[in-house]
Amino acid sequence: MGTEYILTEDDKPTPGASFLEDVIELQLLTANESLGPVDFTHPQEHHDI
Amino acid sequence: MMEKLTLTGPADLLAYIPHLLGGTPTESFVVLTATSGALGATLRVDAPMDAAPLGFAQTVTSLAAEDENATACYLVVYTDETGEDDRFPYAAHVAALGNELATARMPVRKVYLVTSTHWAAYGTTEWNPLDQVKDSNANATLTFMGSASTVDVYNPALLGKWVEPVQVPARTEESVEQARRGWVAALEETGTPDTETARKLAAWFQDEYIRDFLMADTITTNNGVIIDIMLGKFDGRPDWKRVDRAEGLAFELMKVVPEGQRAPMLTLMGWLQWLKGSGTHSARYLKLAAEDVPGYRFAELLRELIGNVYIAEVAKNPETAYKRPIN
Chain V
1 MGTEYILTED DKPTPGASFL EDVIELQLLT ANESLGPVDF THPQEHHDI
Chain W
1001 MMEKLTLTGP ADLLAYIPHL LGGTPTESFV VLTATSGALG ATLRVDAPMD
1051 AAPLGFAQTV TSLAAEDENA TACYLVVYTD ETGEDDRFPY AAHVAALGNE
1101 LATARMPVRK VYLVTSTHWA AYGTTEWNPL DQVKDSNANA TLTFMGSAST
1151 VDVYNPALLG KWVEPVQVPA RTEESVEQAR RGWVAALEET GTPDTETARK
1201 LAAWFQDEYI RDFLMADTIT TNNGVIIDIM LGKFDGRPDW KRVDRAEGLA
1251 FELMKVVPEG QRAPMLTLMG WLQWLKGSGT HSARYLKLAA EDVPGYRFAE
1301 LLRELIGNVY IAEVAKNPET AYKRPIN
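Chains as they are written, first to last, in the working numbering: chain V, 1 to 49; chain W, 1001 to 1327.
I should point out that these hints are in silico values taken from the structure, not numbers from a laboratory.
Since the model is a prediction, treat every value here as computed from it, not as a measurement.
The reader is advised that the hints may include incorrect statements.
Stated by the list, open to error - Chain V side only, calculated, beta carbon under 7 Å to chain W, not exhaustive: (1) Tyr5; (2) Ser18; (3) Leu20; (4) Val23; (5) Ile24; (6) Leu28; (7) Leu29; (8) Thr30; (9) Ala31; (10) Asn32; (11) Ser34; (12) Val38; (13) Asp39; (14) His42.
Heads up, the beta-carbon is just placed ideally off N, CA and C, and yes, glycines get one too.
Chain V extracted, bound-state conformation:
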């Protein structure tokens, strides 16, 4: 059932590992300088300014 998740077009997650942790580690190889947590929000529902 559900979505079949892929790492890339060729790879599928292998049982026994956390595929989310693996992709984050890869992403961090090209990381920016850390700025700390950032908040970015838009005006709330139901009203305009």
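Given chain V's structure and the hints, the job is docking chain W onto it.
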């Protein structure tokens, strides 16, 4: 229903910020983007500390520029680290940011300073009491409309202290499928799951492989590509009510397991908060996860990721971003 809220002065503007961010910033720089007569996005970053002014200003400007419609902005410095001349904290950073934002064609209209005791127009000695913000028309109107300036699903007082640990289930193809079906069913139902169901769900979250599927399955508009899912790059606007439900459920699951088994749910909550555009709440949940299970790898990696990637893709676009509902 869209109702127009008119901000008539600085106290209104400052009152509006906690309603947008779900809390009052501390030691932060906040940039509110604007077009003619309307506010756009709200960006909050940590105060720069030792960061070089130019680099800090360039990064913050590039983030503010995610609002492509902005033609101007307001800057608010929240700090108690006011230094020797308390009119001009972070003067070099404020000046650099002003230059960079002007270069990016969103010049700063006004700069304000907010400390824990007063607010002021930046660079002036006219200190105003914070009660002006609390008693402002904007705060009264937003509160009347049902907005809360603080939000928190997490309430440690509700977590049990004497709860039996759950047994981590054996991972088989069948158990993965069963877990995914169970999680999706829980997301689609209303109300609180009974204790047995909650403990079963919490047990599945303990397995890192199953946990990953449950997290990804929370977003129905995901495109199936893992890195896109993690970074919040989806095929359309997520079902934000389902995301809210997932966050509430995660806390319910935390209630039925002892300390040391809550980290997976806290990590889910942290990721969902980041998708919603709140790095502050996200970082808090991820810190709690790493405290619950010291060295919990997923929480530590995710915390590093959000500090480097800054804004989830889904949060950048007002069409897909979460907007805090007014009850």
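Which hint numbers does the structure go against, in order from smallest to largest? Per hint list: 7, 8 violated.
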